[in-house]
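Taking the hints into account, I'd like the entire structure generated from these sequences.
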Amino acid sequence: TQLLEQSPQFLSIQEGENLTVYCNSSSVFSSLQWYRQEPGEGPVLLVTVVTGGEVKKLKRLTFQFGDARKDSSLHITAAQPGDTGLYLCAGPRTYKYIFGTGTRLKVLA
Amino acid sequence: KAGVTQTPRYLIKTRGQQVTLSCSPISGHRSVSWYQQTPGQGLQFLFEYFSETQRNKGNFPGRFSGRQFSNSRSEMNVSTLELGDSALYLCASSRREGADTQYFGPGTRLTVL
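Just so you know, the protein sequences line up as chains A and B, in that order.
All residue numbers for the first sequence refer to our numbering, where the first residue is 1 and numbers rise by one.
All residue numbers for the second sequence refer to our numbering, where the first residue is 1 and numbers rise by one.
Rather than coming from a laboratory, the hints here were simulated on the basis of the structure.
Hints are supplied without guarantee of correctness; some may be wrong.
What the hints assert, rightly or not - Here are some of the chain A residues that sit facing chain B, going by a computed Cβ distance under 7 Å:
id, residue
1, E41
2, G42
3, P43
4, P92
5, K96
6, F99
7, T101
Stated by the list, open to error - Part of the chain A face toward chain B, derived, beta carbon under 8 Å:
id, residue
8, L45
9, L88
10, Y95
11, Y97
12, G102
Quick reminder that beta carbons are idealized off the backbone N, C-alpha and C, glycines included.
Structure (structure tokens):
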């Protein structure tokens, strides 16, 4: 059983389009993190959301934590080829982080 | 400040062999966690070391082991390699043990033939 489900699994879009990826769980998390992983590299932390309903912006990326702290979304405005990568959400569970299934994004020039 | 480094970056082994991977955490970080990443299972937690002691362990067989040295550097060992051990092995360092903010290294790509 996967605690954190991400959708969509794959996404291929044209440069300039907007997109949203989702991270859902039936469990409550005290916080959720979003990472981006590029081919051949480790995940890089983008943001941590802590409060239910919280919205954080990182340039063209907007992250939202659900009111019930069971889900989160990542919205990218005017996607660029540099946004290409695997997007992972992660939440703390006792002594470790649980990672989501991932969304593989490809932005075509 | 230098990031997390992992060596080697790529490794090819055959079934039955053993392998040792190395991880140097960010200076000042005392916790090192290891993860296995595969296309089918995603990122899965192997174990965490803090102050030279294994503090937490994921659901992996005993063939997977590790250790941490006094300078916080960590090594991971896999014995009697199986084809299914082919994966990207990532280490992450953090200041404190447990669910603290982690910083990942670039990983070691292990291929078992």
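Exercise. Failing hints, ascending?
Worked result: none
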